[in-house]
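J.: What follows is each chain in one-letter form.
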Amino acid sequence: MSLQIKLMQIEPILAALRRHKAGTILIILQIALTLAIVCNALFIIEQRIARISRPSGVIESDLLAVENSWVGANNESMVALNRTDLTALRQLPGVRDATLSNSFPLRVGGRVTGVRIDPSAKKEIAQTAEYFTDDHALATMGAKLLAGRNFRADEVTTSDSKSYVSSPQVIITRELAERLYPDGSALGKPIYLVKDGAPSAVIGIVERLQVPWPGAWTDAFADYVVLVPVQLTDERNVYLLRAQPGQLQAISKTVPQLLFRTNRMRVIPDQRGIRSFAEVRADAYKSDIGIAAFMGVISVILLTVTAAGIVGLTSFWVGQRRKQIGVRRALGATKHDILSYFLTENLLIGAAGVVIGALLAIGLNQWMMSEFEMQRLSLLYVLAGMAVLLLLGQGAVLAPAMRASRVSPVEATRLN
Amino acid sequence: MFAYYLHLGVRSLRRNPALTALMVIAIGFGVSASITSYAVFRATSNNPIPQKSAQLFVPQIDNWGPESAAENNGEPPNALSYTDAIALMQAHKAPHQTALFPIAPSVVPDDPERLPFRPTSYAAYADTFPMFDIPFDYGSAWSSAEDQGHAAVAVIGDDLNRRLFSGANSVGRSINLDGRNYRITGVMGKWDPEPLFFDPVNTSGFSDSVQLFVPFTRAIDLQLPTVGNTACNQAPGNGWDDFLRSECVWIAYWAELPTKAEADNYLQFLQGYAAEQQRAGRFHWTPNVSLRNVTQWLVNQRVVPPESRISMLVSLGFLVICLVNTVGLLLAKCLRRAPEIGLRRALGATRKDIYLQFLIEAGTVGMAGGLLGLLLTGLGMLGVGFVFDSRIARLVALDVSLVMLTLLVAIIATVLAALYPTWRAAQVQPAWQLKSN
Chain A
1 MSLQIKLMQI EPILAALRRH KAGTILIILQ IALTLAIVCN ALFIIEQRIA RISRPSGVIE
61 SDLLAVENSW VGANNESMVA LNRTDLTALR QLPGVRDATL SNSFPLRVGG RVTGVRIDPS
121 AKKEIAQTAE YFTDDHALAT MGAKLLAGRN FRADEVTTSD SKSYVSSPQV IITRELAERL
181 YPDGSALGKP IYLVKDGAPS AVIGIVERLQ VPWPGAWTDA FADYVVLVPV QLTDERNVYL
241 LRAQPGQLQA ISKTVPQLLF RTNRMRVIPD QRGIRSFAEV RADAYKSDIG IAAFMGVISV
301 ILLTVTAAGI VGLTSFWVGQ RRKQIGVRRA LGATKHDILS YFLTENLLIG AAGVVIGALL
361 AIGLNQWMMS EFEMQRLSLL YVLAGMAVLL LLGQGAVLAP AMRASRVSPV EATRLN
Chain B
1 MFAYYLHLGV RSLRRNPALT ALMVIAIGFG VSASITSYAV FRATSNNPIP QKSAQLFVPQ
61 IDNWGPESAA ENNGEPPNAL SYTDAIALMQ AHKAPHQTAL FPIAPSVVPD DPERLPFRPT
121 SYAAYADTFP MFDIPFDYGS AWSSAEDQGH AAVAVIGDDL NRRLFSGANS VGRSINLDGR
181 NYRITGVMGK WDPEPLFFDP VNTSGFSDSV QLFVPFTRAI DLQLPTVGNT ACNQAPGNGW
241 DDFLRSECVW IAYWAELPTK AEADNYLQFL QGYAAEQQRA GRFHWTPNVS LRNVTQWLVN
301 QRVVPPESRI SMLVSLGFLV ICLVNTVGLL LAKCLRRAPE IGLRRALGAT RKDIYLQFLI
361 EAGTVGMAGG LLGLLLTGLG MLGVGFVFDS RIARLVALDV SLVMLTLLVA IIATVLAALY
421 PTWRAAQVQP AWQLKSN
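So the sequence lines, in the order shown, correspond to chains A and B.
Here the numbering used here is used: the first sequence runs in plain steps of one and ends on residue 416.
Here the numbering used here is used: the second sequence runs in plain steps of one and ends on residue 437.
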């Protein structure tokens, strides 16, 4: 019965809307555009958050990274210089462990190479990041060893990066192990980091370590990492330090003092020279966090503006039709009838808006996919967006519709 | 008359403060988001060397073959191998040319109390300075003879000169790099092209200003490694000499070709060179070369960050929605005032008068929206640092042109939005309105 009444109302509503073509089209347009933009904005936010929340594989608290480069040292002297530094750092109060590496997760900057299990294969199986480090790396980073063993101190060698060819032992991440040996048998097997080069035996598998780059270009190998027991003697390297709990702040002051006391002929850059891992993460994902925040602010303002626009136009329509409402009330329409009239009217407009908007949202996403390495917009987003905008419209129209329902039948008799 | 309409406009706006506020806020937000995004876009898509951007060219040579190129839309690698860079330098087919790469020598101050530091540095040839129109405060570039002689000379930047020599003329004095002395031949004036057009491959286009150049030939002798990208299609072998002979690409190359004919000739020369390499058995594929000028190169290297383009796009959409919203609200306002319009028309106002009155009213709304937008744009500029790299953020500031643009966009957009509502207002039939009321 009530459904029938509702359906019966649609005819007069459509007739009324035809008289307000411009206003109706404007609201439809506004809802459609808002849906298209908000859907894509929320999708961008979700993607960026997914990117930011990827685990790095290291225990991020109490970890300090120091960028160090030697001044005027040659490859031979650097071996001793690095060793002196590491000994001093490991003895510093507040430091639990320290390691030397060419790079680390989210550092932005490092080495990538192709990895094979058939040395003569023309094409590599995958790309992987390489961390050139020592037997203290796992403990310092807090990487979890799942199988096999850590490097032994006697396996760690030194080399400059131009002379380095391969290492007999490596530790790799589980993701890489499963990619190279999908049957789960990677431990103890050889991998080849250079085409036609010597094999490196997988002596250990760690649960996870992220590559140094947060960007989309590394998505295909984001967790493919090889740890190589070679301390590079290129001028620039990184000291990673694990602080005793609560000592991070303190050692970020004492470490550079110690290093300059040990040897002055070094450069630790003013910017990004000494960073806690929290800072490393914030630097790496700065643009992701920023763009997500920007899209969030835009979406909130857009929804507010659209809701306010609906309130404004509906209020105007209510004001314009006070006399007709009065007549309907005088002819027996209840308050509820008037309320449902305006709600239904808004629902019709909203429905038209969200249908057009859904098409626009998908179109916009298609175009952004070709321009910005975006992924396909999930239909769930479009459906959720449609529901949100319809609800928003109903919410926005509620106040003016209530006001309309309170119009007294006496209005019918008034001249104006 | 204008003043009268302005007065009417302000009165009408004050009669409906909520509606007016809504329009002003919508326009303010829409305009400020768009202008802030545009400011970033303008900074990142800036032409850093407008007088020469069509005369400086980057040659590319495919030394890896079509399989690698296929992974990159058929493009040759974005840098040259040492072999090719040196071959092009020796061919000397352009009036000016240089190979260059970023290095990181440490400056050791004479004062033992001061710590060494690393300025942003490049290894390059002498032609770099006239080619890139680099200004000099003191002295000049080193000579081509010094390039040939692998001389220990350097050109330093004004910041470095201030830091080391308190800004005095330091030409002829020496600078200690990694424990070796270099004779300073020139001190650059302020030179900070943004984006850093000559090395977008290693800097993404934005870097601290370059403060030190040393001869390419000298840097190779000292085995100074590049601090930029090195990309290899196969293992480069063992040691520096193997590395130089390898097909690894790591060198940027620029040629100055002032006329179209010279550019065409150079492209032919590149094709001839690649064909010769094919005949010699080094390349097993047909020549794949390209020659791009500054503007084309910056586009090819995607120097405008995708975040900038996305935020610009979303902001524009946002502005459009705010304007649609404004059209709707203005329409409601105009129609509600049909009786007033009818009365004015009956008293002799022409349609033109009605147009003028309502457009001026809209302009007032636009102006108010623009002022709010200006305030929000100011806030937005502070927010740029949260989204973009600090090296990009420092280029974005609210200057006079942006202030004017903000106000202009706000007013023009609002007046455009008012066109349809105003047209509807002007259609009001005076007689009908007077009768019905």
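Hints were generated in silico from the structure; no laboratory data involved.
Check the hints yourself; a few may be wrong.
[Claimed, not checked] Label-pair ranges, simulated between beta-carbon atoms:
id	chain 1	residue 1	chain 2	residue 2	range
1	A	54	B	47	36 to 44 Å
2	A	145	B	167	51 to 59 Å
3	B	385	A	371	22 to 30 Å
4	B	258	A	372	31 to 39 Å
5	A	54	B	401	39 to 47 Å
6	A	109	B	130	52 to 60 Å
7	B	385	A	11	30 to 38 Å
8	B	53	A	256	36 to 44 Å
9	A	335	B	416	49 to 57 Å
10	B	385	A	54	20 to 28 Å
By construction, the Cβ of each residue, glycine as well, lies at the ideal position given by its N, Cα and C atoms.
J.: Each hint should be assessed against the structure and marked as holding or not.
T.: Do the hints match the structure? See the list:
For residue 54 (chain A) and residue 47 (chain B), the hinted distance range of 36 to 44 Å is satisfied, since their beta carbons lie about 37 Å from each other. Distance hint for residue 145 (chain A) and residue 167 (chain B): a CB-CB separation of about 56 Å, consistent with the stated range 51 to 59 Å. Checking the proposed 22 to 30 Å range against residue 385 (chain B) and residue 371 (chain A) shows it holds: the Cβ atoms sit about 25 Å from each other. Between residue 258 (chain B) and residue 372 (chain A) the beta carbon distance is about 37 Å. The supplied range of 31 to 39 Å therefore holds.
In this structure the supplied range 39 to 47 Å holds for residue 54 (chain A) paired with residue 401 (chain B), their Cβ-Cβ distance being about 41 Å. Roughly 33 Å separates the CB atoms of residue 109 (chain A) and residue 130 (chain B), a value that falls outside the hinted 52 to 60 Å. Distance hint check for residue 385 (chain B) and residue 11 (chain A): the Cβ-Cβ separation is about 57 Å, which falls outside the suggested range of 30 to 38 Å. A beta carbon spacing of about 43 Å between residue 53 (chain B) and residue 256 (chain A) agrees with the range 36 to 44 Å that was offered as a hint.
At about 41 Å, the beta-carbon gap between residue 335 (chain A) and residue 416 (chain B) misses the expected band of 49 to 57 Å. For residue 385 (chain B) and residue 54 (chain A), the hinted distance range of 20 to 28 Å is satisfied, since their beta carbons lie about 25 Å from each other.
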